[in-house]
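Visitor: Here's the letter readout for the chains.
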Amino acid sequence: MKEILYYTWGAIVSFVVAFSVGITYMGLNRKITARVQNRYGPPWYQNFIDVIKLYSKKTSIHHGVMHHMGPAFIMVTAVVSLLVIPILNGNKFFPNLNFQGDLIFLLYIMVFGPLGMALGAGQTGNPNSAIGVTRGLSQMAGFEIPWVMALVALMIQYKTTSIVDLMNVQVESGRWLMFSSPFAFLAAVMAMLGMFRYAPFDIVGAPQELASGPMSENGGKYLFVMMSAGSVFTFAKLTLYVDIFMGGADNLIILVVKTFTLYLIPMLYGITSPRYRTEQSVRWFWGWPSFFGLLAILQAALF
Amino acid sequence: MVGSPVLFIAVPLLAAFLIPLLGMVWKESIRILPGLVLLYMLVLAITLLEQVMHTGTIVEILAGWKPPWGINLVFSPFTGILATLMILMGFIIWIYSYRFKNVDFEEAKKYFILFMMLVTGSVGIVLTGDIFNQFVFIEITSISAYALTAFYKHRDSAEASFKYLMVGSLSSMFLLLAIILIYSQLGTLNMADIASKAHLMKPEFKILAVIFFIVGLGIEAEIFPLNGWVPDAYAQAPGPVGAAFAGIVVKAGVYALIRIIFTLFDVSGTHQFLIVIGLTTMIISEMAAIRQDRLKRMLAYSSLGQMGLVLVAFGIGTEEGIFAAMFLLINHAIGKSLLFLSGSYLVYNSADKYISETNGMGKFLPVTSFLFALGALAVVGMPPFSGFWGKFFMMSAAAHANMLLIIALILSVSLIELVYYFRVINRIYFYKKESHITPKKPTVNAVIAMATLGVIILIIGFYPDLISGYLHQASQALLDKGKYIQDVLSTGQLLTH
Amino acid sequence: MNFTLFDLKIVEYSFFITAILVIMIGLYGALVKKSLIKVVIGLSIFDSGINLLLISIGYITSGTAPIFSPALVKDMPLTLENIKKLSEGMVDPVPQALVLTAIVIGFGVTAVALSLVIRLYRHHQTLNIDEIKNLKW
Amino acid sequence: MKMKKILVISLLAVFGVYLAEVLFKLDFGRQFFQQGVKDFYLITSPIKLQVANTVTAIVVNFRGFDTLGEVTVLFLATTAMGSILYKGRHQLGERTVLFSGSRIVTTGSRLLFPAIILLGAYVFIHGHLTPGGGFQGGVIIATGFLLMLMAYADYTVSHVVLSVVESLAGITFATIGLLGMLHGGSFLQDFLPNGSLNDLLSGGIIPIIYIAVGFKVGAELTGLIYTALNEKD
Amino acid sequence: MNMIYILFTLMFGGAILTFLAHKVSGLLRDTLFVLTVLASTVLFYTKIHTGDTVDFSISGLSLQWGINAYGRIFSMIVLGLGVMASFYSVSYMKGKERLGYFYFNFLISLMSMMGILMSHDLVSFFIFWEMMTWSSYFIVIYNGKNVQRSGINYIIFSALGAYAMLMAIVMVYAHTQSLMIPDMMQAFPFFPAAYKIWLPILFLTAFTVKAAMMPLHVWAPDAYADSPMAYTSVFSGALSKMGIYGMIMVFVTMVNYLPDDTWFRETIAWLGAITAIMATLWAIAQDDARKLLAWSSVAQLGYIITGVAVGTPLAMLSALFLSVMHALFKATLFMAVGAIEKQTGTTKFTEVTGLIRKMPWTFISSLLAIIGLAGIPPLGGFVGKWMLYESLINSNHYILVIAIFFASTSAFLYCYKFLFGFFLGQEEKEWEHVKEAPALMVLPMIIMATLLLVFGVFPGIVLKPIDLGMQTLGYSTTAGTFWSMSGLFNEWGNQIMMRPLAYAIGGTFLFFLIILTVKGFKETRYVTTKDISSSGEVPLEHENLTFSEGFYQPFLRAVCPVMKRRMMTYYQGFGQGMEAFFDYLRRVYSGNGQTYAIYVIVFVVILLLFKNSLFG
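So the sequences go chain by chain: A, B, C, D and E.
Here the first sequence is numbered in my numbering, starting from 1 and rising by one per residue.
Here the second sequence is numbered in my numbering, starting from 1 and rising by one per residue.
Here the third sequence is numbered in my numbering, starting from 1 and rising by one per residue.
Here the fourth sequence is numbered in my numbering, starting from 1 and rising by one per residue.
Here the fifth sequence is numbered in my numbering, starting from 1 and rising by one per residue.
A hint or two may mislead.
[Said to hold, decoys possible] Below, in silico cross-link-like pairs of lysine-lysine (DSBU-like), each with a Cα-Cα straight-line distance of 35 Å or less:
| # | chain 1 | residue 1 | chain 2 | residue 2 |
| --- | --- | --- | --- | --- |
| 1 | E | 23 | B | 433 |
| 2 | A | 58 | E | 519 |
| 3 | B | 441 | E | 23 |
| 4 | B | 441 | B | 153 |
| 5 | A | 31 | E | 464 |
| 6 | C | 34 | B | 202 |
| 7 | E | 464 | A | 159 |
| 8 | B | 27 | B | 440 |
| 9 | D | 5 | C | 38 |
| 10 | C | 133 | B | 153 |
| 11 | C | 74 | C | 136 |
| 12 | D | 48 | B | 66 |
| 13 | D | 48 | C | 136 |
None of these hints come from the bench; they were simulated from the model.
Using the sequences provided together with the hints, build the complete structure.
Guide: Okay, structure coming up:
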């Protein structure tokens with residue numbers, strides 16, 4: 001019983017941290033993007049305001065059970081992957097469920113939410129949401145390949161599928177994996193571009209052209225949960241990258257610095273890019289990123 | 001004591017001569033008498049078979065002259081089984097065709113006489129121990145077969161029959177040539193005597209005789225380049241006659257060929273030749289069968305393929321191989337006859353007998369269709385029906401003889417066979433009936449006949465031991481040439497009354 | 001090779017040569033001629049050739065018919081020796097018996113063949129064998 | 001077409017050469033085998049069976065079963081011909097001979113007819129004594145009928161009578177065989193006294209069978225001719 | 001009489017009685033059918049114990065039936081699915097014609113599957129194998145004229161496989177003089193080298209046909225799609241597993257003894273992976289749910305094959321576990337399609353939409369099944385997939401694991417398509433009348449979907465019998481080293497605990513669901529799917545805005561190069577070529593009597609010319 005309470009407490013704390021960091025990043029994203037595009041942009045805390053606004057809004061419609069449950073699904077992904085990913089080296093403060101899951105579990109749980117949300121979006125009956133979902137899923141089939149290749153390369157190189165073990169390897173040797181397995185890192189970063197769905201891979205949400213988009217049928221509490229999930233998930237993903245490639249972090253400050261550095265990659269790449277069509281992006285992921293992934297596997301297998 | 005093997009010939013001949021007389025007095029007798037005769041023969045055959053299994057081969061001498069001077073009939077386990085099978089098939093086909101040509105007395109009379117003689121001739125071919133006598137029986141069978149093939153007037157049956165006759169008369173000529181060659185060397189016509197003296201023959205005579213026998217009997221046994229007449233004849237003959245061809249006549253031809261090769265001469269290479277020619281026959285005819293669009297032609301080609309398989313099994317030459325061959329033979333007789341019998345009802349009212357005209361018959365003729373499907377499954381060799389065992393024994397015999405390539409070939413050909421049979425079954429059950437076809441309900445006697453065959457298929461399929469004991473003895477009897485010679489030449493057993 | 005066509009043997013073997021020639025002629029007729037009637041005739045000739053061959057197999061030089069006619073046996077008792085001596089000068093009776101059967105059978109087949117020809121003519125209005133092939137493949 | 005001829009001729013040439021090659025190894029005019037069945041026949045026929053014509057003895061007695069088959073073949077040939085040329089119930093084709101012969105022909109035929117029948121009967125009755133026998137006699141009888149049929153446009157033979165004769169003769173043959181079986185244990189066994197050589201009444205069952213065969217062959221051949229004659233549509 | 005005989009008598013007799021009862025009354029027939037399945041299941045689980053055998057002989061061949069722990073794994077699938085499907089089909093098949101025929105073949109195929117599992121000798125194995133083939137074939141063609149092509153394909157390929165097996169059987173028989181499978185296994189290491197190569201190949205040909213592996217899979221999509229859904233659940237769930245059953249035996253008993261088995265294993269494993277990839281892509285392209293699921297079955301079987309071929313204990317464990325799971329979720333899905341087909345009359349995504357509110361139970365069970373199929377935790381599918389990946393990585397199959405992963409990621413696409421196509425999207429007037437399927441159809445689905453969840457959280461329930469079965473095959477026990485009741489371990493010692501993860505998932509989900517529900521519970525109301533803000537336009541009543549045509553066009557455009565070629569085209573080309581060849585060949589039967597006579601003479605002359613070499 002105590003254990004459960006302990007875990008729950010840990011979960012809540014990590015959730016709060018992840019939420020606040022993630023939402024800040026998103027705000028910063030908007031700001032930076034605006035500056036690059038020669039706009040003034042909203043303040044960095046704009047997203048906090050948005051979330052609170054959304055929460056306090058009255059939600060008057062839903063389109064059925066699946067639609068109702070969709071945000072909860074995506075929240076599951078965000079929270080559970082956050083719980084599985086070790087936040088700090090040596091599991092300080094946030095041990096959570098780090099020992100109970102491994103990379104492969106993580107890979108799958110990360111799909112759980114989007115799929116659930118897609119179902120919710122599907123039930124709205126909005127044709128555009130289904131179109132968005134098909135694009136998203138197609139793109140996922142694209143970027144998962146280099147991503148998995150990178151992970152497999154790491155797994156076979158260090159003979160473990162556990163994130164904690166990978167972190168320990170880095171702590172012990174003092175070398176970040178992004179340097180000892182550069183190809184894996186390259187592939188993983190390229191996959192990350194797709195994972196964050198910023199340009200050029202933002203056809204999924206298609207914010208400009210599809211006035212309604214997948215999210216458009218959600219409002220109020222639904223959008224609130226989805227936004228929070230998105231921010232938590234952003235943080236979780238970044239932490240994962242930091243954990244396995246950049247030696248993890250000893251305290252939250254270092255973590256924030258590292259994650260933000262990493263976050264700059266998709267953000268900046270996105271600002272400067274036009275948009276790919278779905279098949280283009282899928283093929284892009286199966287091109288160079290996968291090639292690097294292959295190199296990573298070769299490196300891991302041969303050396 | 002029910003009788004002796006000669007009654008298999010004498011009684012039906014007597015009956016055949018009687019039928020025209022009786023027919024003048026009592027019209028129904030022309031239908032009943034052949035049935036009674038066949039029934040009697042069946043009872044006799046089964047009794048004798050049982051006896052033979054326990055006491056050994058019965059050799060019956062004729063006209064009181066011992067072999068090699070007189071003609072003799074040999075009822076060994078091997079010949080006995082074949083004779084019993086033929087008579088059984090004859091009887092069942094008689095049941096099937098009891099109402100045949102119900103309205104036309106003259107035609108029916110001729111049909112029944114010819115049919116009975118077809119059976120008798122085939123039984124004679126199997127039982128006789130004298131090559132010239134065998135020739136006579138082959139002619140009896142052939143002439144009845146020609147006439148039965150040409151039985152229907154409104155079809156191309158005369159054409160088929162003429163082809164049959166042309167090739168068939170060549171066959172008899174070659175047989176005569178072979179007999180001449182043998183007689184010129186040995187001065188005897190008795191098979192056992194020839195077998196015991198075969199070493200005295202000059203080898204070139206022996207080989208030439210074997211070649212002529214292979215050609216002459218190969219025509220009857222329907223081996224590849226000699227079987228052009230077969231599909232035509234099978235397809236154009238009335239349904240029951242087609243069944244009789246597949247179930248009775250060709251068996252006699254195969255028997256004769258096997259007897260010549262196994263017993264008469266010890267010419268090396270004949271077994272391999274059997275295998276090669278059997279495979280060729282099988283492959284080419286199955287290939288032709290799959291491209292047929294007429295039901296009976298398809299069945300005919302399929303029959304050729306099956307007989308090729310039987311020849312291959314005989315060609316393996318081991319006891320196991322012969323056992324398998326006998327099993328296949330029996331299965332083919334039953335299964336293919338069932339196919340012909342039920343198939344001819346499926347296309348009863350169609351002029352061209354296209355396979356497509358069986359469409360949807362499953363609904364209108366459920367029993368017939370079911371039996372057709374059963375026969376097809378049995379012929380294809382699907383377990384648990386009778387065909388499977390034959391195929392399995394054959395394969396294992398071939399494997400024991402280390403002929404793996406042959407097995408592979410046979411199996412790939414079986415695949416073809418499977419395809420075209422299942423295509424027909426599909427049509428029967430799952431296509432829509434063509435509107436211009438009116439299904440013809442089978443008569444009661446036809447249903448009884450077909451159902452009997454179906455039941456036999458199931459029984460043998462589930463309980464092959466029923467016949468396998470007999471077949472083992474039969475295959476030993478065929479292989480044991482010394483015993484055959486001894487049995488015949490030491491008079492065998494004189495029947496007493 | 002001990003068959004030497006230009007040897008004197010050619011005379012002795014004239015029976016065989018004739019028989020083979022007849023066989024070949026008959027076969028030629030059966031295989032090449034277009035008319036059904038001629039085909040049947042060819043088969044018939046073939047048959048005759050075989051019969052001739054069969055008969056000539058049983059021939060014994062200057063042999064008599066295998067009949068113990070009154071003239072032959074009139075002044076000798078029917079003892080085994082006598083009969084044996086007589087029989088040595090007789091030709092082989094078995095081929096003759098066989099030929100009798102073969103002829104009758106050949107006759108039967110020819111009769112059936114001719115009746116089939118009649119039927120075919122009725123059906124196709126022609127006797128050309130090349131035109132009578134409704135059934136093929 | 002030429003190709004076919006050339007092919008057939010070359011095939012036949014090969015066939016003939018091979019056949020000749022083998023046959024020429026036979027020493028023509030001599031007995032080729034050491035010990036055949038013919039010696040037994042030649043001795044047994046006059047001594048035991050009292051049959052002068054050994055060929056007849058072989059045909060009817062030693063190999064009587066063949067003859068039964070042979071008779072059956074003829075019987076089947078008539079049946080087959082009837083069946084093949086059958087046109088339907090109550091339909092009899094027209095005669096192909098539409099007009100009678102000239103008076104000379106008809107008269108001559110009428111004169112010759114009994115003589116021919118008589119000759120035929122003689123031939124089959126004396127089958128066991130002289131060359132000839134049931135088949136030959138039957139053919140001669142049929143020739144007589146043929147002559148009549150050709151000479152007269154309206155000469156008819158009763159199918160029923162022919163059929164009855166045919167059947168009875170066949171039954172006789174088979175019954176004699178079965179009687180032999182009852183008597184001596186094997187089918188077609190001789191069960192009558194053999195008489196003495198060169199007597200008309202000798203040879204046991206041989207004359208009886210040959211008479212039956214004569215009737216049968218005569219009837220059958222006549223039937224065949226008659227069927228073929230009434231062929232025109 | 002031995003219980004094993006009674007089992008088979010019961011099933012066979014039941015089949016015949018059911019067939020006959022069809023003529024009497026529908027109710028009697030249905031009752032008999034269900035009773036037969038139930039009774040045999042009960043009999044099997046109560047009276048027949050592992051290790052029971054009966055011996056008998058036919059025609060001098062000594063045969064043996066019995067059951068071992070390995071067979072029990074699959075009997076679980078067969079009988080479990082059999083019971084579920086029997087209940088389901090009573091309701092599903094109601095009102096269709098030729099039910100006697102259907103039930104007869106259904107029972108025969110169940111019986112033959114049990115027979116396969118209980119055969120200890122090769123002959124009865126083959127007999128049951130063939131019975132399974134034709135009985136399933138007869139059901140495949142049950143649906144009438146349009147499905148004949150798939151039926152023929154099915155029977156051709158099955159026969160190809162069966163004949164390959166027959167050949168292998170006679171080879172074994174000729175060599176060992178025994179038909180017992182254990183004898184064969186014992187003798188195998190001492191076989192000649194050629195046999196050692198050929199026997200596994202021949203056996204595998206047979207088994208991979210049923211398991212729908214790559215070059216031999218072409219029958220499967222059509223056959224699965226075209227048979228009545230009540231049977232397809234068994235067909236795809238249990239019958240295809242017979243192929244896996246055989247493959248595992250071949251791999252364990254034969255491939256291990258090959259002089260160099262690596263290439264063999266690699267080839268099969270790669271074929272399995274390629275099957276999985278290609279079938280997934282094809283599944284994505286389908287517009288018909290039955291076809292989609294059929295292709296998906298092929299893909300899933302591809303994973304299983306890969307697991308079997310890799311053959312490490314963990315891989316084998318995963319293959320067997322996936323077999324059970326696949327049976328569960330694929331049966332559920334096929335049943336769901338059947339239910340939809342029954343209620344709406346169509347199975348095309350382009351025709352039917354928005355059923356979620358009309359058929360909620362069907363939706364829930366298919367949702368669970370889809371989650372299982374996609375391999376998303378915490379359902380059973382994930383457990384199997386996890387073990388498969390771990391085993392592949394542990395055994396150094398790096399590229400293979402990527403291939404498998406690709407297939408399974410792409411599987412999400414069709415998974416979503418299935419759920420969206422039927423249940424989501426705009427609700428249409430056309431389908432307003434649709435009601436939930438009858439309870440008899442829904443219940444099996446629900447039960448199986450629940451089982452999927454239970455097995456996902458407590459995989460030990462299934463892994464325990466699997467472990468026993470693997471011990472029969474000669475593996476050492478894997479309990480504790482690779483799995484515990486709800487935990488899984490890989491060879492490097494990494495672990496995953498299903499229970500806490502499931503609690504975490506469930507807890508989070510419930511927590512946020514409650515938040516979502518409770519907050520503003522009163523004011524949030526349901527609006528129809530027409531009430532959407534599609535670019536500011538509200539669609540009219542008759543306007544259907546559901547997106548279902550060309551669902552994954554972009555993705556398919558991306559992968560089109562590999563989908564240009566279909567195996568079927570090659571087979572068809574081959575078939576047509578053969579047919580043309582046959583047509584050419586059969587012209588030897590020229591129809592001219594004279595030609596036939598010439599053949600005779602030609603034959604004679606050939607024999608004469610070659611007489612010395614032929615008969616010399």
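Visitor: State for each hint whether it applies.
Guide: Hint check results:
{"no.": "1", "hint": "E:23 / B:433", "result": "holds (23 Å)"}
{"no.": "2", "hint": "A:58 / E:519", "result": "holds (9 Å)"}
{"no.": "3", "hint": "B:441 / E:23", "result": "holds (20 Å)"}
{"no.": "4", "hint": "B:441 / B:153", "result": "holds (23 Å)"}
{"no.": "5", "hint": "A:31 / E:464", "result": "violated (57 Å)"}
{"no.": "6", "hint": "C:34 / B:202", "result": "violated (40 Å)"}
{"no.": "7", "hint": "E:464 / A:159", "result": "holds (27 Å)"}
{"no.": "8", "hint": "B:27 / B:440", "result": "holds (26 Å)"}
{"no.": "9", "hint": "D:5 / C:38", "result": "holds (15 Å)"}
{"no.": "10", "hint": "C:133 / B:153", "result": "holds (16 Å)"}
{"no.": "11", "hint": "C:74 / C:136", "result": "violated (65 Å)"}
{"no.": "12", "hint": "D:48 / B:66", "result": "holds (15 Å)"}
{"no.": "13", "hint": "D:48 / C:136", "result": "violated (57 Å)"}
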